[in-house]
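2 protein chains.
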Amino acid sequence: MISLEEYNQIRNETLDYFNRCGIVLSEQEKANIEVADFGLNRIRELGLQLITYINTEKCCAKELVLLPNQTCPEHRHPPIGHSPGKEETFRCRFGTVYLYVPGPRTSNPKAVLPSGKEETFTVWHEIILKPGEQYTLAPNTKHWFQAGDEGAVVSEFSTKSMDEHDIFTDSEISRLPVVEGK
Amino acid sequence: MISLEEYNQIRNETLDYFNRCGIVLSEQEKANIEVADFGLNRIRELGLQLITYINTEKCCAKELVLLPNQTCPEHRHPPIGHSPGKEETFRCRFGTVYLYVPGPRTSNPKAVLPSGKEETFTVWHEIILKPGEQYTLAPNTKHWFQAGDEGAVVSEFSTKSMDEHDIFTDSEISRLPVVEGK
Numbered sequence: 018m019i020s021l022e023e024y025n026q027i028r029n030e031t032l033d034y035f036n037r038c039g040i041v042l043s044e045q046e047k048a049n050i051e052v053a054d055f056g057l058n059r060i061r062e063l064g065l066q067l068i069t070y071i072n073t074e075k076c077c078a079k080e081l082v083l084l085p086n087q088t089c090p091e092h093r094h095p096p097i098g099h100s101p102g103k104e105e106t107f108r109c110r111f112g113t114v115y116l117y118v119p120g121p122r123t124s125n126p127k128a129v130l131p132s133g134k135e136e137t138f139t140v141w142h143e144i145i146l147k148p149g150e151q152y153t154l155a156p157n158t159k160h161w162f163q164a165g166d167e168g169a170v171v172s173e174f175s176t177k178s179m180d181e182h183d184i185f186t187d188s189e190i191s192r193l194p195v196v197e198g199k
Numbered sequence: 018m019i020s021l022e023e024y025n026q027i028r029n030e031t032l033d034y035f036n037r038c039g040i041v042l043s044e045q046e047k048a049n050i051e052v053a054d055f056g057l058n059r060i061r062e063l064g065l066q067l068i069t070y071i072n073t074e075k076c077c078a079k080e081l082v083l084l085p086n087q088t089c090p091e092h093r094h095p096p097i098g099h100s101p102g103k104e105e106t107f108r109c110r111f112g113t114v115y116l117y118v119p120g121p122r123t124s125n126p127k128a129v130l131p132s133g134k135e136e137t138f139t140v141w142h143e144i145i146l147k148p149g150e151q152y153t154l155a156p157n158t159k160h161w162f163q164a165g166d167e168g169a170v171v172s173e174f175s176t177k178s179m180d181e182h183d184i185f186t187d188s189e190i191s192r193l194p195v196v197e198g199k
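Those sequence lines, one after another, are chains S and R.
The opening residue of the first sequence carries number 18 in my numbering; numbering runs sequentially from there.
The opening residue of the second sequence carries number 18 in my numbering; numbering runs sequentially from there.
There may be inaccurate statements among the hints.
No copy is singled out in the list; a pair is fine if it fits within one copy or between any two copies.
When the alpha-carbon atoms are kept at most 30 Å apart in a straight line, the in silico BS3-like pairs for lysine-lysine are as follows [unchecked claim]:
| id | residue 1 | residue 2 |
| --- | --- | --- |
| 1 | K75 | K159 |
| 2 | K127 | K159 |
| 3 | K79 | K134 |
| 4 | K134 | K75 |
| 5 | K134 | K159 |
| 6 | K147 | K47 |
Derived by calculation from the structure, the hints in this document are not laboratory data.
Full structure from sequences and hints, please.
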């Protein structure tokens, strides 16, 4: 669980990133910034901030913010019913993103893993995304990503998002965030 | 057909809009800005500039630029094969967009129609989008839109885009742009 004080602090930092990029949000969106700590209570190391613009039966668009060196843990979006799983494109808007996917292991990868969690990161093919660069993941592909020292802002374009079905490599994770009193 | 000189001029103005919004494009994207004049040869009145980030079998993301008071003509995205037609969300990033959809006719609508084309605009329910505001269109819904005096930048999140199948109310229109020598 994230304390309300910590939620508000991280929400404000997230809004600063959006401001820096010229991304305009409605007041309602600003009030509903999602701060995901994955139940790990190490938000600045393992976490993700986001706003969902739209999520219909067919497609979804979000903006993601990563704090400096913050990591979104390894996960995949499995097939659900008639869907083969979520297809997603990440487009970097600000900062640098180190994205890891299945494939030949990159030597000397840039990401530095949060201590004690090394075993929960299993794919090591590195894709580096700078502003204006993007990468598309096929459904059900394991992936994780980490921001560089400046943090990062990333647009995500995808099929329907059903975060509650995401499968994380780290069995200690619960995806849906819980904020004290929210 | 657009002359190469006019294409380059409008492309440069489009890039200025992206710069103003902090939207970063790759060099390849900058070189491939689409300038659609719909075969009408009145680009500053009836036209649209865009870049397509991604367009898979399932989803699509574009950035649209409208020059001051420029109009995207009325059209719909019809069912194709197993698809019910393109579902799309427009999110305003900069400027003002006057979007028109089926529904009760708005009195004193803001848009000013290009002369001689009045009969080719048949839906008049006005949605005004300012930065941070968005609207989602169901498949096969007639719509058209016009920018305010400053022009506009609009993100489009949608299912697969198949522009060549769009159905325009104006029978003089051909959707796919032709640029001299390109």
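Task: Hint check against the structure, violated hint numbers in rising order - done: 4
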